[in-house]
Every structure is written in structure tokens, then in C-alpha cells.
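**Q** Residue numbers (the numbering used here), protein chains in the order written: chain A, 494 to 801; chain B, 494 to 801.
There's no promise every hint is true.
Repeated chains share a single entry, so a pair holds when one copy, or any two copies, can fit it.
What the hints assert, rightly or not - Mimicking DSBU-like on lysine-lysine, the simulated pairs with C-alpha atoms at most 35 Å apart in a straight line are:
no., residue 1, residue 2
1, LYS679, LYS589
2, LYS621, LYS792
3, LYS548, LYS616
4, LYS651, LYS767
Derived by calculation from the structure, the hints in this document are not laboratory data.
All values derive from a computational prediction rather than experimental measurement.
2 protein chains.
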Amino acid sequence: MIDKLIKKIKEKDAPIVVGLDPMLDYIPEFILEDAFASCGKNLQGVSEAIWQYNKGIIDAVCDLVPAVKPQIAMYEQFGIEGLQAFRRTCNYASAKGLVVIGDIKRGDIGSTSEAYATGHLGKVVIGKHSFSPFAEDFVTVNPYLGSDGIKPFIKVCKEEKKGIFILVKTSNPSSGELQDQLVDGKPLYEILARKVAEWGQDHMGEDYSYIGAVVGATYPEMGAVLRRIMPRNYILVPGYGAQGGKGKDLAPFFNEDGLGAIVNSSRGIICAYKKAPYSDRFAPENYADASRQAVLDMKEDLKNAFVR
Amino acid sequence: MIDKLIKKIKEKDAPIVVGLDPMLDYIPEFILEDAFASCGKNLQGVSEAIWQYNKGIIDAVCDLVPAVKPQIAMYEQFGIEGLQAFRRTCNYASAKGLVVIGDIKRGDIGSTSEAYATGHLGKVVIGKHSFSPFAEDFVTVNPYLGSDGIKPFIKVCKEEKKGIFILVKTSNPSSGELQDQLVDGKPLYEILARKVAEWGQDHMGEDYSYIGAVVGATYPEMGAVLRRIMPRNYILVPGYGAQGGKGKDLAPFFNEDGLGAIVNSSRGIICAYKKAPYSDRFAPENYADASRQAVLDMKEDLKNAFVR
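The whole structure should be built from the sequences, with the hints applied where relevant.
**A** This is the structure:
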């Protein structure tokens with residue numbers, strides 16, 4: 494799957510992943526009204542609205558980007574009904590040829606991580622049939638419980654040719670409270686990055702490992718250090734755009750081959766029609782066109798990452 | 494909710510939570526057959542089987558224990574259908590007067606943690622109506638992203654009178670890889686425990702805070718230290734029984750008032766009928782009676798925790 498992701502990044506010339514993190518107030522009124530009219534003003538109606546909204550964005554950007562990253566919390570918030578929109582979104586994006594990165598940040602003790610890995614990346618066998626409950630290509634994994642919690646994911650990735658991104662240094666302001674604590678003079682995220690590099694060496698695609706890392710765009714100096722520690726691990730970079738990261742901040746995350754990182758933008762793309770400079774040019778009915786334009790602009794901005 | 498939990502612990506004289514972590518091979522054949530016959534040999538059938546299995550256990554133990562702790566991964570493994578069994582289980586346990594601790598180990602950046610908190614502990618408002626997507630009383634929270642990821646949970650707990658247990662030192666063998674790293678001579682879990690104690694002081698029930706901690710039964714010496722650092726935070730203690738913890742190991746987790754901790758057992762109770770000494774006395778048809786007996790025996794064993 495990492496090889497497929499890299500092939501698509503090259504084809505589209507865009508190391509970009511669109512974060513499908515729908516909030517109720519991002520969704521244009523006309524979609525909400527239609528969904529409530531057909532499914533009721535309840536969780537079912539919200540689920541339908543989220544799905545229609547996502548479908549519009551996927552249709553508008555699928556020829557421009559290699560991947561989407563639905564954040565499962567934004568669906569789980571609406572319960573079972575919300576998770577139905579998550580599953581439909583993942584399946585539709587796959588059918589449109591996009592790589593699907595499930596931003597699930599799961600992680601637990603061994604047997605429990607195995608259950609998460611099976612549900613999101615693997616197959617459940619019941620009698621003579623097998624089922625893929627949620628069918629993502631990659632998921633994000635929380636490492637706080639140590640390698641017990643990571644290895645079941647790696648095992649399923651190997652069997653199913655899928656991949657993971659392990660949280661190393663997250664993009665949020667308080668990420669340093671635990672992640673930056675100094676252990677023998679080195680921050681904790683570096684210790685973890687060495688582990689990720691080690692796991693990566695044993696689980697390689699052609700040029701890169703299918704065990705990747707998450708490192709926030711908001712911490713470019715740390716990105717530079719972590720790039721060196723994990724030369725063959727792909728880095729998923731959240732925090733671009735709405736969280737403050739800019740194209741020129743992204744250079745340290747990439748390797749000399751122009752590869753090695755994929756940058757996520759969520760709000761900046763999916764909610765573009767509500768914000769300058771797009772809100773003047775795009776009506777809510779054209780929200781998906783605004784998202785397309787925001788992707789094109791992000792592609793342009795990212796070129797700055799490669800001007801050295 | 495912490496006051497309600499403590500009241501129930503006192504009433505039942507049992508600081509015990511039953512972990513509802515169903516695996517397919519725990520479920521007696523007769524339940525699986527019935528469920529497959531009525532719903533099909535598919536994810537729907539598995540969901541029905543899990544629900545029937547859990548219902549039997551809840552009915553058999555609800556007068557003995559204050560709380561249950563469904564581990565969401567074991568349901569999520571079976572996709573949307575599995576999560577329907579999770580929701581039914583939580584609702585049924587609540588209706589039976591049990592406190593429901595959702596073992597979800599979520600944690601993310603601020604806006605995303607807010608979505609998880611809303612979905613599991615809070616309410617979604619749509620038009621004039623509000624909905625509780627999953628209605629747990631407590632959830633477990635992963636702290637790796639720092640306070641940004643915790644505060645939205647605390648906010649919802651305050652509004653809804655619910656509670657959380659923050660992972661401090663987990664029960665699994667590799668938990669030390671990150672959690673035990675020494676920062677200025679102190680392990681990371683202690684630094685986190687001090688934070689939990691601080692948050693706890695500002696969010697108190699009558700005698701204890703509704704911000705609790707998870708500390709594994711498998712690390713009793715650390716339990717003793719953490720008990721002192723977090724005197725007014727309730728400790729949820731997994732790892733008893735199948736993972737190796739025993740009654741006498743549990744003394745350090747309790748305060749002098751005999752309160753302050755609640756001990757989880759999953760496999761040891763829900764799968765008792767398959768293991769000695771219960772397998773000789775209970776047929777698969779009486780699996781729930783075996784679970785009841787295992788709870789009674791655990792209660793007896795836990796008394797050792799209080800012999801000082």
C-alpha cells in the first residue's frame with residue numbers, strides 16, 4: 494500500500510491528503526435541508542448530510558490528490574449513524590481510486606489492538622466467509638502503551654499489504670507536555686522515532702516502509718531532526734493551514750528525492766467556501782468547487798517546500 | 494457520577510467492574526447458532542450473539558457489582574454491526590442500574606477530543622432535539638497528546654456529571670517503553686499522575702474527583718507510589734486475573750477508607766465457564782452462572798487486599 498500511495502503522489506504531483514473532518518456547521522444549508530427532509534431531523538439525517546457533503550468534495554478533488562484522511566471522531570460523535578457515514582465515505586473514496594487513511598489514533602494492550610487492527614485494516618472470518626468491517630488502507634496509531642500495542646497492527650499490515658502512521662510528535666499546542674520530556678537529554682519523541690525507524694527497516698515496501706510516523710507541520714525544527722532519524726519512514730504531516738503550518742515550513746519533512754512526506758489539510762480545503770479568499774467567489778452551492786480551488790492553491794504553496 | 498459509583502461500590506460491598514470484552518470464541522455455541530439462524534452467518538449474526546451473551550452475563554451479575562466496562566475494540570472489530578451490540582450493551586447495563594465505563598482510550602487534538610467527548614459522554618443538539626449517541630457514564634482517555642486532548646473531556650464531564658479515567662500506567666508488559674522513561678530521575682507516569690491530581694482537585698465530587706486514573710494491577714509497587722500522588726483520584730485497575738494480578742497485589746491501590754480503587758476483571762469472569770475450576774461445574778448453557786460464581790470468588794479474593 495505504501496508503494497501505491499507513493500505512485501499516486503508522483504502521478505498527481507501532489508503530496509497532499511485531504512482531511513475529511515466534517516463539522517455540522519461546515520455543511521452548506523441546502524445539503525442539511527435535503528438530508529433532514531429525506532431522513533428526519535435526527536442522527537440519521539446528519540449522517541446523510543455528512544455523506545452527501547463528503548461525496549461532493551471527493552468528486553471535486555479525486556483527480557488532484559492521492560489520498561483522503563477521514564477523522565473518525567467527527568463521525569463517531571454522531572454515534573452508529575455517524576459511523577455509517579464514515580464507512581460510506583471510506584468505501585466511496587476507495588472506489589474513486591483514492592488511498593484512505595483512517596485517522597483513528599487507536600492503541601491498546603496486545604489483544605485489544607489486534608481487534609482494532611482487524612476491524613479497520615483486516616478481515617473477520619465467520620464460517621466460510623470473510624468480512625472487512627471498515628476497509629481503510631492506512632490508520633494512525635497511538636503509541637502510549639508501547640510495542641505490545643503496535644505489533645498487532647504491523648502484523649495485519651504485513652498480511653493485508655496495508656500501513657500505519659504512528660503518532661510521534663503531534664501538531665497541537667500541548668503535544669510537548671509528554672512528547673518533549675527529556676530522557677537522558679533527548680526528547681521522548683526522538684526515542685519513539687528511533688523505534689519507528691527500527692520497525693520500518695523490517696517492514697519495507699520498495700523504497701519506503703509501510704510503517705510511517707505522524708509529525709505536526711507546526712514543529713518544523715523537530716521535523717528536520719525526525720526526518721534524519723527516520724529516513725525511510727513516510728511522514729504524515731497534519732497542522733498545515735488552519736492550525737498554522739505554511740508551505741515553506743514543510744521543506745524539512747521531505748527527503749532529497751522529493752518524497753517521504755504527505756501533508757494533510759482539513760478545514761482549509763473542505764470548508765474553503767466559508768473563508769477568504771474563496772468566500773467571495775464561491776456560493777455555498779459551489780462549496781466543492783471552492784475545495785478544488787483550495788487544493789490547487791495548496792499544491793502551488795507546497796512548491797515552496799521544494800525551493801531550497 | 495463518581496458519587497453514584499462510590500455509593501454503588503459501598504452498597505454492593507464490591508470494588509469490582511466486570512469487563513465486557515467478548516471474543517467470538519468465548520461465546521457458547523448455542524448462542525452463536527441461535528444468532529446465526531435468526532440474523533445470518535455474518536456481522537449482523539455476530540452482533541446479535543455478542544448482545545445475547547452480554548445480556549446473560551449482565552442479568553447474572555447486576556445485583557453483585559456496581560459497574561461494567563465494555564472494551565469498545567471488541568465491538569468495533571465487527572464494524573457498525575459490532576458497535577450496535579456495544580450500544581445495546583451500554584443501554585441495557587444502564588437500565589439494570591449499573592454504572593457504564595466505556596473503555597475507549599480515545600484522545601486527540603482539542604477539537605477532535607471534543608467530538609469524542611460529545612459522542613460518548615455528551616449530547617448532540619439537532620434542531621430542537623438532543624441525542625446521546627453513545628451513553629456511557631465514564632470513559633478511559635489516552636493522554637499522549639497532552640492537556641489539549643484531556644480538557645474537552647473534562648468540560649463535558651462537568652456539564653453532564655460524568656467522569657473519565659486517564660491512562661497513567663497501563664497493565665501490559667511493554668507499558669514501560671514510554672511510560673517508565675525517566676525525566677529528571679522521575680518516571681513519566683509520575684509526571685502525568687501529578688497532572689491528574691491537579692486536574693482532580695479542581696473537579697471534585699463529594700470525597701473523590703470525577704477525573705480518575707488507570708493503573709495496572711500488574712505493577713503494585715508503582716500503584717503504591719501513584720496512590721500517594723493522587724489521593725483523591727479514583728483508580729481503575731485492569732490486569733487482575735487473566736493478566737496476572739491477584740487480590741493481595743491490590744492493597745496498595747486502595748486508601749485507608751477502603752475506597753479509591755475499582756478492579757476490573759474481564760476474561761476471568763465472562764469466560765469463567767471455559768476454565769478451571771468452573772469448567773467442571775458449569776456447562777456452556779450455564780455460562781452466566783459460572784460468571785456469577787467467578788464474581789463471588791473475586792469478591793472473596795479481594796478481601797485479601799484489605800488485610801493489612
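**Q** Of the hints given before, which are not true for this structure?
**A** 1, 2
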